[in-house]
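Chains as they are written, first to last, in our numbering: chain A, 18 to 273; chain B, 7 to 132.
Hints are supplied without guarantee of correctness; some may be wrong.
Computed spacing ranges between beta-carbons, pair by pair [claimed, not checked]:
(1) B:Pro-54 with A:Ser-41: 28 to 38 Å
(2) B:Ser-118 with A:Arg-249: 44 to 54 Å
(3) B:Tyr-120 with A:Cys-79: 52 to 62 Å
(4) B:Gln-78 with A:Leu-42: 35 to 45 Å
(5) B:Ala-68 with A:Met-174: 24 to 34 Å
Calculated from the structure, these hints are not laboratory results. Note that the structure is predicted; figures quoted are calculated from it, not measured. No residue lacks a Cβ here, since even glycine has one placed at the ideal position from N, Cα and C.
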Amino acid sequence: MGQDRRGFLKLAGLAAVCATARESLTRLAGAAETEPRSSAKAPKVRWAMVVDPRRCLEQESCTACIDACDHAHNIPAFTNPRHEVKWIWKTRFDEAFPDQDSRYIDPALTSEPVLALCNHCDNPPCVRVCPTQATWKRDDGIVAMDWHRCIGCRYCMAACPYGSRSFNWEDPRPHIAHEDPDFPTRTKGVVEKCTFCDERIDRGELPACVVACKAKALVFGDLNDPDSEVRRLLRTRFALRRRAGLGTQPEVFYLV
Amino acid sequence: MRDRGRIITGLAVFVAVALAPVWQAALHGAARRPDPKIVTTAKQCVEPTAAMRRDHMELLNAWRDTVVRRGQRTYVAADGKTVTMSLTGTCMKCHPNKKEFCDACHNYLAVSPYCWECHIEPKEKS
Numbered sequence: 018m019g020q021d022r023r024g025f026l027k028l029a030g031l032a033a034v035c036a037t038a039r040e041s042l043t044r045l046a047g048a049a050e051t052e053p054r055s056s057a058k059a060p061k062v063r064w065a066m067v068v069d070p071r072r073c074l075e076q077e078s079c080t081a082c083i084d085a086c087d088h089a090h091n092i093p094a095f096t097n098p099r100h101e102v103k104w105i106w107k108t109r110f111d112e113a114f115p116d117q118d119s120r121y122i123d124p125a126l127t128s129e130p131v132l133a134l135c136n137h138c139d140n141p142p143c144v145r146v147c148p149t150q151a152t153w154k155r156d157d158g159i160v161a162m163d164w165h166r167c168i169g170c171r172y173c174m175a176a177c178p179y180g181s182r183s184f185n186w187e188d189p190r191p192h193i194a195h196e197d198p199d200f201p202t203r204t205k206g207v208v209e210k211c212t213f214c215d216e217r218i219d220r221g222e223l224p225a226c227v228v229a230c231k232a233k234a235l236v237f238g239d240l241n242d243p244d245s246e247v248r249r250l251l252r253t254r255f256a257l258r259r260r261a262g263l264g265t266q267p268e269v270f271y272l273v
Numbered sequence: 007m008r009d010r011g012r013i014i015t016g017l018a019v020f021v022a023v024a025l026a027p028v029w030q031a032a033l034h035g036a037a038r039r040p041d042p043k044i045v046t047t048a049k050q051c052v053e054p055t056a057a058m059r060r061d062h063m064e065l066l067n068a069w070r071d072t073v074v075r076r077g078q079r080t081y082v083a084a085d086g087k088t089v090t091m092s093l094t095g096t097c098m099k100c101h102p103n104k105k106e107f108c109d110a111c112h113n114y115l116a117v118s119p120y121c122w123e124c125h126i127e128p129k130e131k132s
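Using the sequences and the accompanying hints, generate a full structural model.
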């Protein structure tokens, strides 16, 4: 029954492999990414937005939603275009949907700018890279910002495939036309983006852009409620998502 | 013993210098306590005054985290009263005289909370 050194080393090696295998296997299977917090209880609401670009285009060169957002969140208007801070903005159709073959889509749609904002992805790459959890996904799906924690490393900006995040290269205060004391400004060196107006949603109100849009081109609602307006629209009409092939699961839908 | 005079003068100078804080205080009066001015007609702060004086920075941190990270905006005070958790919207509504109130203490203590780089302070005549 003697055990030689060779046998002992073999056994020890096998034990070490078994001890580490579980973690690497689950990681390979992709299960390690699930957060314990979100699995604690099933989310009740999942906020999302449906954009109807045709309705938007009926109001030629209207910027009501953008203005309302800029005002509600004290968004600075920097003179240097490379320093632009944007939460909701207009962009070229082919820039918004670069993976879409738009040659045969109605040119009325593709030749005009389309609204872009943070997609509040279900699988947000910005959240994954943030080293301080200054950005994270709330239980209701909003990809929120905690400006107190942002250290300005801009990893999130590199990770976001939609350019939805802006960096304050300068002190924003002198570039805000009308300061609204109800919402704090940001400082130089902090990243910001659309938050689906979480401060308004917490009070039971709709996002500022949705309220401001006279054409009803922006519809906001709960994806988990089959009777909600967003679900009704998505049931009856076909919708695009920006760069859905990347696997980020964007939750802003564009009706075609 | 020829140096007695010099030694005694030296000692006297040393004692005078070493006790400088004592006679300075006797001449100019002890450092004044800061006197933060209350301008609101309200009788009480969010929590009892002693607790506020001691712990208002902890309270603000708790408010910040509850609002921003948990999305809850109503605070229930120890006595059951409810207030909206907001630095500009609540604290500064009752204490709009930031310079004579918050800063009166903070300048004395040489702390300068950086909150005002983002949170908008009430407009005041300087």
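Beta-carbon spacing of Ala-68 of chain B to Met-174 of chain A - inside the hinted bounds 24 to 34 Å or not: holds (30 Å)
44 to 54 Å as the expected CB spacing between Arg-249 of chain A and Ser-118 of chain B, which holds or is violated: At 53 Å between Cβs, range holds.
Satisfaction of the hinted span 52 to 62 Å by the C-beta atoms belonging to Tyr-120 of chain B and Cys-79 of chain A: The hinted range 52 to 62 Å is violated for Tyr-120 of chain B and Cys-79 of chain A, with Cβ atoms some 39 Å apart.
Assessment of proposed distance window 28 to 38 Å (beta carbons of Pro-54 of chain B, Ser-41 of chain A): violated (55 Å)
Gln-78 of chain B paired with Leu-42 of chain A, Cβ distance criterion 35 to 45 Å: Given a distance of about 39 Å, which is inside 35 to 45 Å, the answer is holds.
Hints 1 and 3 from the earlier list are contradicted by this structure; the remaining hints agree with it.
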